[in-house]
Amino acid sequence: MKSLVLYFSVGGNTEAVANTIGSTVNADIVRIQPIGNKKVILPIGAFQAVFKASPKIDPLNVEPAEYDLIFVGCPVWVGHAAPWMNSLANSFPLAGRNVALFCTCGNDPGKSLEQMQRNFPNARILDTISVKTPMKDPSEVIDWAKGVVGKAR
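In this note's numbering, the protein residues as written are 7 to 159.
Careful, some of the hints might be misleading.
Each computed PhoX-like pair below joins lysine-lysine, with the alpha-carbon atoms no more than 20 Å apart [what the hints assert, rightly or not]:
no., residue 1, residue 2
1, Lys-58, Lys-142
2, Lys-58, Lys-44
3, Lys-8, Lys-117
4, Lys-62, Lys-45
5, Lys-44, Lys-62
6, Lys-138, Lys-157
7, Lys-58, Lys-45
8, Lys-138, Lys-117
9, Lys-157, Lys-142
10, Lys-8, Lys-152
Simulated from the structure, these hints should not be mistaken for lab results. Note that the structure is predicted; figures quoted are calculated from it, not measured.
Let the sequences and hints guide you as you build the complete structure.
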């Protein structure tokens, strides 16, 4: 089964989870970058998250149709998914694809996973997980990723 992990990360917590998923399921891993690799200023990003902005992202140079399963993840900022998830939804078609969503957060994920699900209304959402950061024990993520693969078969 060919899998892809798409993620946005600033502090490295989401990247660590993405890499854990990628190594568990032998997936290609692609980082979502602000256009031109623009520096992310957290207070501005948090403001954009609350108001559901869609800041531009660099092209991903991958084709969703080439993958049987796509994991999508980001950090949670003030109870919302990072705004680059909105941009991904606007530029990367996941309709009809098997998708699993993950987020990382220090406390409560708020409605971030529900927001991410709304961003991809025509995707087949297999499962979601919220990972408390920093991730101390990857076993929960590893077990979850293996379970998602089972659901995609």
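A quick look at each hint next to the structure:
| no. | hint | in the structure |
| --- | --- | --- |
| 1 | Lys-58 x Lys-142 | violated (30 Å) |
| 2 | Lys-58 x Lys-44 | holds (19 Å) |
| 3 | Lys-8 x Lys-117 | violated (29 Å) |
| 4 | Lys-62 x Lys-45 | holds (12 Å) |
| 5 | Lys-44 x Lys-62 | holds (10 Å) |
| 6 | Lys-138 x Lys-157 | violated (24 Å) |
| 7 | Lys-58 x Lys-45 | holds (19 Å) |
| 8 | Lys-138 x Lys-117 | holds (15 Å) |
| 9 | Lys-157 x Lys-142 | violated (26 Å) |
| 10 | Lys-8 x Lys-152 | holds (13 Å) |
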